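> Sequence:
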Amino acid sequence: MDNCALGPAAQETAEATASAGRSTEPQRGRRGEKVAEWTRGRLGVRNLTRSGMRKAFPDHWSFMLGEICLYSFLIVIATGIYLSLYFHPTMNQVEYRGSYMPLRGQMVSEAFDSTMHISFDVRGGLLIRQAHHWAALIFVAGIFLHMMRVFFTGAFRRPRELNWVFGFLLLVLAMFAGLTGYDLPGDLLSGTGLVVVNGTLLSVPIVGTYLSMFLFGGEFPGNDLVARFNTIHVLVIPGLMVGLIVAHLILVFRHKHTQYPGPGRTNRNVIGMPLRVHAVKASGYFFLVTGVIFVIASIAQINPIWEYGPYRPDQVSAGSQPDWYMGVADGLIRVMPGWEISIWGHTLALDNLIPLLAGVGLFLVMGAYPFIEAWVTDDDREHHLLDRPRNRPVRTGLGAAWISVYLVVLIGAGNDIIATQFHVSVNSVTWAVRIGLFLVPIVVYTVTKRWALGLQRRDRDKVLHGRETGIIKRLPHGEFVEVHEPLSRERLHILTAHEQYQPIESGGPGVQGGPESSTSRTRRLRARLSRGFYGEGTQIPKPTVQEYEEITSGRRR
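Note that numbering that gives the first Met the number 0 gives residue 140 to position 141 of the sequence shown, counting from 1, and the numbers run on in steps of one.
By construction, these hints were calculated from the structure, which means they are not laboratory data.
Just to be clear, a hint being listed does not mean it is correct.
[As the list claims (entries may be wrong)] Straight-line C-alpha distance at most 30 Å; calculated DSSO-like pairs for lysine-lysine:
1. K54 / K33
2. K541 / K448
3. K461 / K472
4. K255 / K280
5. K255 / K54
6. K461 / K541
7. K280 / K54
8. K448 / K461
As the structure is a prediction and not an experimental result, all values here were calculated from the model.
Work the whole structure out from these sequences, hints included.
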């Protein structure tokens with residue numbers, strides 16, 4: 000109704016109401032701004048928030064691997080809290096009276112009984128339990144792949160060495176978190192794994208017996224293992240992992256994000272999407288990862304403890320396999336010969352001690368690699384641009400060789416399954432793995448290095464002669480040639496932007512301020528390793544400007 004049709008008093012009332020409505024919204028907005036300003040001033044995050052909003056995040060599919068780690072970790076925490084409400088971490092024996100009829104009346108531990116209760120009687124319990132397990136597997140796999148991406152692209156170089164160490168520690172903690180969680184239900188499969196853990200601990204000289212007694216609370220299997228593993232699994236390791244993840248994210252914001260080479264991208268800038276856009280994409284990606292994990296958990300069965308039954312010290316589960324990330328330890332033990340030596344009246348079980356030392360050494364080399372490469376190459380500069388793996392053939396070959404060792408040992412962890420499924424002798428599989436541990440890494444390193452050099456030659460040919468178009472042209476004298484198309488400036492920049500290092504000489508300083516003349520063994524070793532990284536046969540020279548101009552000018556003529 001039009002205001003003119005109202006009386007004077009009604010018109011005044013309507014105008015007052017309208018003006019009050021117009022003034023309410025700005026007041027509410029100012030009140031919210033005041034609260035936000037008060038919070039930023041008291042918490043001291045004003046400058047941090049403003050600088051954070053100006054951060055740019057490069058957009059590349061490989062960066063999603065780190066986000067998968069973070070999101071799967073959040074799912075592990077959320078599902079773990081739900082499971083802890085129903086789980087009883089004790090090894091006290093009780094009679095099973097649950098819904099699974101084949102086990103009715105059997106004596107089981109309270110840990111096993113509560114896990115069966117979660118799986119069969121708690122609403123949504125089996126889904127949450129399987130989502131927890133699958134998310135843990137994806138979390139470890141995500142860390143592993145993320146570290147491999149960082150390794151092959153050189154993102155571990157200064158100033159990000161500490162970030163690499165944090166990622167390495169996260170990987171180790173995630174593996175131990177999986178081991179402790181895997182052994183909590185008290186089923187026959189996890190008990191079989193604990194036998195291996197106990198044997199490995201006992202093989203440690205001098206302190207092995209004490210470590211076993213402390214962990215199991217007495218003679219194996221003891222009475223305190225589940226309670227102690229539960230404390231480690233739900234309190235100690237998650238707390239350490241949260242601290243490492245927070246420290247990792249702080250360093251990422253502090254050092255800015257790495258980026259792949261391209262036009263306009265230097266060590267002093269970052270080209271990418273703003274924080275707000277990245278946050279929206281990250282939120283959607285989080286729900287996508289969550290959905291995928293729960294879909295897998297709903298259709299793919301994992302760790303069905305009711306099929307294994309409760310743990311019995313006098314029984315062993317046939318075909319028992321650990322989770323994939325612990326396969327390196329199990330595989331090394333399976334393929335190691337049963338060697339023992341006696342020293343001063345004491346038996347030293349080398350069949351467990353040597354695999355333990357080899358596995359620890361394999362991971363320590365990975366954790367210390369950034370410092371090893373920095374020492375060998377004498378490169379102490381800051382790097383914010385990533386390498387293309389083909390431009391660092393030696394590093395790429397070493398990484399591929401490390402992965403090949405892991406995969407060969409993983410095959411050794413399944414030697415019994417391979418033997419039964421392919422109807423071959425388990426001794427043949429074991430000996431194949433033993434030989435492969437020494438032969439396969441050499442072959443993989445050589446092939447990977449040659450492959451990277453071949454890709455470098457291909458890039459050099461593309462820069463000088465252009466891209467193949469597939470168009471065949473016949474020249475006046477009858478010769479058939481393929482027409483090549485010049486590359487764009489952006490592509491030329493990507494193929495030629497990388498830096499080619501020179502090896503350090505033992506008798507003088509290197510390009511980046513190498514060691515002075517000396518006959519010390521350490522410096523000679525450093526120079527020899529430097530030649531192995533960047534000497535003859537390790538990189539293909541980039542086309543010079545003169546070579547490019549000569550080729551292009553001849554093409555124009």
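> Indicate, hint by hint, whether the structure satisfies it.
Hints, verified against the model:
Between K54 and K33 the alpha-carbon distance is near 25 Å, which keeps this suggested pair within the 30 Å criterion. A hinted pair counts as satisfied when its Cα atoms are at most 30 Å apart, and K541 with K448 qualifies at roughly 17 Å. This hinted pair checks out: K461 and K472 have alpha carbons roughly 19 Å apart, not beyond 30 Å. Between K255 and K280 the alpha-carbon distance is near 19 Å, which keeps this suggested pair within the 30 Å criterion.
In summary, the hint linking K255 to K54 is supported, as the alpha carbons are separated by about 8 Å, within the 30 Å threshold. For a cut-off of 30 Å, the pair hint linking K461 to K541 stands: about 11 Å separates their Cα positions. Restraint check for K280 and K54: satisfied, since their Cα atoms lie roughly 15 Å apart, inside the 30 Å limit. Taking the CA atoms of K448 and K461, the gap is about 20 Å. The hint holds against a cut of 30 Å.
In summary, this structure violates none of the numbered hints.
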